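Asker: Take a look at the letters that make up each chain.
There are 2 protein chains.
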Amino acid sequence: MRLSELPTPALIVEASDLQHNLAAMAATLPGSRCRPHVKAHKCTTLAAEQLASGHRSFTCATPLEVIGMAKAGLGEDLLLANETVDAQRLGAMAALSDARVTVAVDSDATIDAAAAAGIREVLIDVNVGLPRCGCDPDDAGRLADRARAKGLGVRGVMGYEGHVMPVVDRADRTKQVEECMAKLQAAHDLVGGEVTSAGGTGTYDLHRWANEIQAGSYALMDTYYGRLGLPFRQALSVWTTVISVSPKWMVCDAGLKSLGMDHGDPSIDGAKVWFCSDEHVTFAPEASSSLRSLRVGDHVKVLPAHVDPTMALHERVHIVNGDDVIDTWAIDLRGW
Amino acid sequence: MRLSELPTPALIVEASDLQHNLAAMAATLPGSRCRPHVKAHKCTTLAAEQLASGHRSFTCATPLEVIGMAKAGLGEDLLLANETVDAQRLGAMAALSDARVTVAVDSDATIDAAAAAGIREVLIDVNVGLPRCGCDPDDAGRLADRARAKGLGVRGVMGYEGHVMPVVDRADRTKQVEECMAKLQAAHDLVGGEVTSAGGTGTYDLHRWANEIQAGSYALMDTYYGRLGLPFRQALSVWTTVISVSPKWMVCDAGLKSLGMDHGDPSIDGAKVWFCSDEHVTFAPEASSSLRSLRVGDHVKVLPAHVDPTMALHERVHIVNGDDVIDTWAIDLRGW
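If you're matching them up, the sequences are chains Y and F in order.
Read in order, the letters of the first sequence correspond to residues 7 to 342 in the working numbering.
Read in order, the letters of the second sequence correspond to residues 7 to 342 in the working numbering.
It is worth saying that the hints were derived from the structure and are not from the lab.
Treat the numbers as computed from the prediction; the structure is a model and nothing was measured.
Errors might be hidden in some of the hints.
When chains are identical, the list treats them as one kind, so a pair holds in a single copy or across two.
What the hints assert, rightly or not - Taking lysine to any residue and the SDA-like style, the derived pairs with C-alpha atoms no more than 20 angstroms apart in a straight line are:
id: 1; residue 1: Lys-77; residue 2: Ser-252
id: 2; residue 1: Lys-156; residue 2: Leu-300
id: 3; residue 1: Lys-181; residue 2: Asn-217
id: 4; residue 1: Lys-77; residue 2: Asp-330
id: 5; residue 1: Lys-156; residue 2: His-324
id: 6; residue 1: Lys-254; residue 2: Asp-142
id: 7; residue 1: Lys-307; residue 2: Ser-296
id: 8; residue 1: Lys-77; residue 2: Ala-290
id: 9; residue 1: Lys-278; residue 2: Pro-237
id: 10; residue 1: Lys-278; residue 2: Trp-215
id: 11; residue 1: Lys-278; residue 2: Leu-309
id: 12; residue 1: Lys-307; residue 2: Arg-106
id: 13; residue 1: Lys-278; residue 2: Leu-136
id: 14; residue 1: Lys-278; residue 2: Gly-328
id: 15; residue 1: Lys-254; residue 2: Asp-114
id: 16; residue 1: Lys-278; residue 2: Asp-114
id: 17; residue 1: Lys-307; residue 2: Ala-188
id: 18; residue 1: Lys-181; residue 2: Gly-328
id: 19; residue 1: Lys-307; residue 2: Ser-59
id: 20; residue 1: Lys-156; residue 2: Arg-239
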């Protein structure tokens, strides 16, 4: 199929950009040094591409992602890097055959729920500065002891420095990563274990201590991470049709139902995006842009500001090579 | 099932609040005076409740919504209040049996595409001040002539004053509605036809001229419209589980994958929401709030800032009566 024949709005990924991104990550963080986070794409076919790039361990944010990855044959080493006390879902993860499942815990309640459900291995989730999940570093040893007393294997620690991801200045970002990792190291001194898991796309090459990085956005990218000057290309866009042209603006058929909006408006190369509605992006082409000649029925690419929630709004993503649609992948890890 | 047994995050609707909202709208705008917009909920079961409240005509934003409504037996009078030149989707709408389908057009291209696909009736979509779709009022007569020359029935005009919806001051909102409707009336003078369609939840009771109002959010509501002091209750929330408790904040398991974020952060009664991540809401209970006693595993309701994109992120919505889950409805109009 030609790209111009694709019904819109449609999520598309330029194959060469995706392959560039996978290769760039694998070159810097080969094999187990990167534990790709599947929440960023929610697509087992894309995860299989990451496996083909040498990464055999994966990070998940929901039990459904863990279970879906295991059922897709990608369960060699799955980390649920999130807390849950849902007995049924913990039990379903524990019951997976042919999968190694490790669950993050940060409290007595999450340890007890994991143990009661038959989960076998955990990481102690440590707060390294982002006010979200994660125990106080000083409490990590006590929690590890409790987990071991409950029969759980404690593989080590994790700590996500999410608040550092958007820091644009690289030197500042590096300094803050080191401050966060000092906290994680202090926790690890109390916990032990082989795994020290941290990081994300924004800090993937700034870690000197953590032995695995939970990067997700790097594969497809978005304009938010694009500001950081990382060596990853914007592979993802929403392919749209121009549905209305006025003297001062145009409208295409993407919108709030096809774009994650928490990081702000999407972008269009050569145009200023004015605002988004449920099924519309209103934009004004720049004076020198070829977009000024767009007519109703023509197509325009819209670049999402945040990849993760954008993926969650679509059933499928089309892989394109220039003007050819060469494959279509199910976004099969949506939901919980 | 008890609410406490529901896996989280889960979209829930308090049945009595929904019924209150449906009754309040039907009292002010009975029957065809309201043409409920299904984009706000994307749920044919909820649309059937609106039909039971007396509204037999509906507004849609996508061809999929039109086709899904028709197939659910709700196709007596469906308006696609949006432009499309997708020949296949226009053809699929034209081919619906037992459905009356009217399509909005605002250009030669959209008229020609509708006619070529076998669409029988259109409304001329007029720009009444929101920079989005809609023709210049002065051009409406020419477009109507073109449509009629192509064999299309022109039922009248529509114009959406979306920019007026968030105006908090009621007198100011009323004045702006009248300015917008003067434009639509001028277009209608050139176009003719029985239908003058406009409005939304924020202006539903401020129209003196338009004969049908395209209100959608009123049924479930969100915190954005909640600011306007309308007689509609917040029926919708995301039911969540507390997964982490720290001295100064708590975390529950909703987030960017379960909440429409374009209107900003969601709300929690009795707490300050700090920020959202993909699968987390970090919040701090107020000093006097009973939420301060929440522990891991307890539940909290999160109120979305924008209903429409929130619905699009969920497969189903649970109808609750206090602590009882009394029904589960598929959100079956997602996609395009």
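Asker: Give a verdict on every hint.
Answerer: Consistency of the hints with the structure:
1. Taking the shortest Cα distances, Lys-77 and Ser-252 never come within 20 angstroms of each other, neither inside one copy (50 angstroms) nor across copies (35 angstroms).
2. In the homo-oligomer, the alpha carbons of Lys-156 and Leu-300 never lie at most 20 angstroms apart, since the shortest distance is 64 angstroms inside one protomer and 25 angstroms across protomers.
3. Proximity of Lys-181 to Asn-217 under the C-alpha cut-off of 20 angstroms is restricted to the intra-copy arrangement: shortest distance 18 angstroms within a copy versus 63 angstroms between copies.
4. Taking identical chains as interchangeable, the C-alpha atoms of Lys-77 and Asp-330 are never at most 20 angstroms apart, the minima being 30 angstroms within one chain and 33 angstroms between chains.
5. Neither within a single protomer nor between protomers do Lys-156 and His-324 lie at most 20 angstroms apart by alpha-carbon distance, with minima of 46 angstroms and 36 angstroms respectively.
6. In this assembly of identical chains, Lys-254 and Asp-142 lie within 20 angstroms of each other by CA distance solely across copies; the values are 12 angstroms between and 54 angstroms within a copy.
7. Proximity of Lys-307 to Ser-296 under the C-alpha cut-off of 20 angstroms is restricted to the intra-copy arrangement: shortest distance 13 angstroms within a copy versus 48 angstroms between copies.
8. Within a single copy, Lys-77 and Ala-290 get their C-alpha atoms no closer than 46 angstroms, and across copies no closer than 38 angstroms, so neither meets the 20 angstroms cut-off.
9. Taking the shortest alpha-carbon separations for Lys-278 and Pro-237, neither the intra-copy value of 25 angstroms nor the inter-copy value of 38 angstroms comes in at or below 20 angstroms.
10. Taking the closest pair of Cα atoms, Lys-278 and Trp-215 never come within 20 angstroms of each other, the shortest separation being 42 angstroms inside a single copy and 35 angstroms across copies.
11. Proximity of Lys-278 to Leu-309 under the C-alpha cut-off of 20 angstroms is restricted to the intra-copy arrangement: shortest distance 12 angstroms within a copy versus 32 angstroms between copies.
12. Taking CA atoms no more than 20 angstroms apart as the test, Lys-307 paired with Arg-106 passes in neither setting, with 40 angstroms inside one copy and 33 angstroms between copies.
13. For the homomeric pair Lys-278 and Leu-136, the shortest alpha-carbon distance between copies (17 angstroms) is at most 20 angstroms, but the shortest distance inside one copy (33 angstroms) is not.
14. For the homomeric pair Lys-278 and Gly-328, neither the shortest alpha-carbon distance inside one copy (24 angstroms) nor that between copies (47 angstroms) is at most 20 angstroms.
15. Within a single copy, Lys-254 and Asp-114 get their C-alpha atoms only as close as 59 angstroms, which misses the 20 angstroms cut-off; across copies the closest is 18 angstroms, which meets it.
16. Taking CA atoms no more than 20 angstroms apart as the test, Lys-278 paired with Asp-114 passes in neither setting, with 50 angstroms inside one copy and 25 angstroms between copies.
17. Proximity of Lys-307 and Ala-188 under a CA criterion of 20 angstroms is satisfied in neither setting, with 42 angstroms inside one chain copy and 36 angstroms between copies.
18. For the identical chains of this complex, Lys-181 and Gly-328 are neighbours neither inside a copy (40 angstroms) nor across copies (50 angstroms), given an alpha-carbon limit of 20 angstroms.
19. Taking CA atoms no more than 20 angstroms apart as the test, Lys-307 paired with Ser-59 passes in neither setting, with 28 angstroms inside one copy and 42 angstroms between copies.
20. With identical chains, the CA atoms of Lys-156 and Arg-239 are never at most 20 angstroms apart, being 45 angstroms at best within one copy and 47 angstroms at best between copies.
The structure is inconsistent with the numbered hints 1, 2, 4, 5, 8, 9, 10, 12, 14, 16, 17, 18, 19, 20, although it conforms to all the rest.
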